[in-house]
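Colleague: Residue numbers (the numbering used here): 63 to 160.
Among these hints, one or two may not hold up.
[What the hints assert, rightly or not] Here are the computed lysine-lysine pairs in the DSSO-like style, where the Cα-Cα straight-line distance is at most 30 angstroms:
#: 1; residue 1: K97; residue 2: K120
#: 2; residue 1: K95; residue 2: K105
#: 3; residue 1: K131; residue 2: K119
#: 4; residue 1: K109; residue 2: K120
#: 5; residue 1: K145; residue 2: K127
#: 6; residue 1: K89; residue 2: K113
#: 7; residue 1: K108; residue 2: K97
#: 8; residue 1: K89; residue 2: K120
#: 9; residue 1: K82; residue 2: K72
#: 10; residue 1: K77; residue 2: K90
It is worth saying that the hints were derived from the structure and are not from the lab.
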Amino acid sequence: MKDEEGEEEKEKEEKEKKEKGEEAEKKKKREEKGKAKLEETDKEEKKEKLKEEEKEKKLEEEKKKETEKEKEIVSEKEAESEKEKGEETEEKKDSEKV
Numbered sequence: 063m064k065d066e067e068g069e070e071e072k073e074k075e076e077k078e079k080k081e082k083g084e085e086a087e088k089k090k091k092r093e094e095k096g097k098a099k100l101e102e103t104d105k106e107e108k109k110e111k112l113k114e115e116e117k118e119k120k121l122e123e124e125k126k127k128e129t130e131k132e133k134e135i136v137s138e139k140e141a142e143s144e145k146e147k148g149e150e151t152e153e154k155k156d157s158e159k160v
């Protein structure tokens with residue numbers, strides 16, 4: 063009977079060890095998955111950040127181009143205005159001669 067109890071006890075201990083080992087392995091796998099998931103999330107966040115930075119750069123470039131166009135338009139208008147003033151001055155001179 064003692065042998066049977068010893069055997070049962072031994073089997074019970076082996077079963078517990080096996081279960082603990084399986085639990086430890088499952089836990090380890092979960093941790094690895096969690097770590098991989100975190101790394102994946104980090105990568106995705108970095109990609110998103112880069113995309114946002116690219117969008118901002120593009121917007122800044124568009125704003126610069128728009129500003130340049132506006133400056134160009136203003137310069138053209140000023141040149142036209144100066145030209146008109148010059149023509150008006152010549153007309154006055156011509157009318158004064160007469």
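Colleague: For every hint, state whether the structure bears it out.
Modeller: Results for each hint:
no., hint, in the structure
1, K97 with K120, "violated, 35 angstroms"
2, K95 with K105, "holds, 15 angstroms"
3, K131 with K119, "holds, 18 angstroms"
4, K109 with K120, "holds, 16 angstroms"
5, K145 with K127, "holds, 27 angstroms"
6, K89 with K113, "violated, 36 angstroms"
7, K108 with K97, "holds, 16 angstroms"
8, K89 with K120, "violated, 46 angstroms"
9, K82 with K72, "holds, 15 angstroms"
10, K77 with K90, "holds, 20 angstroms"
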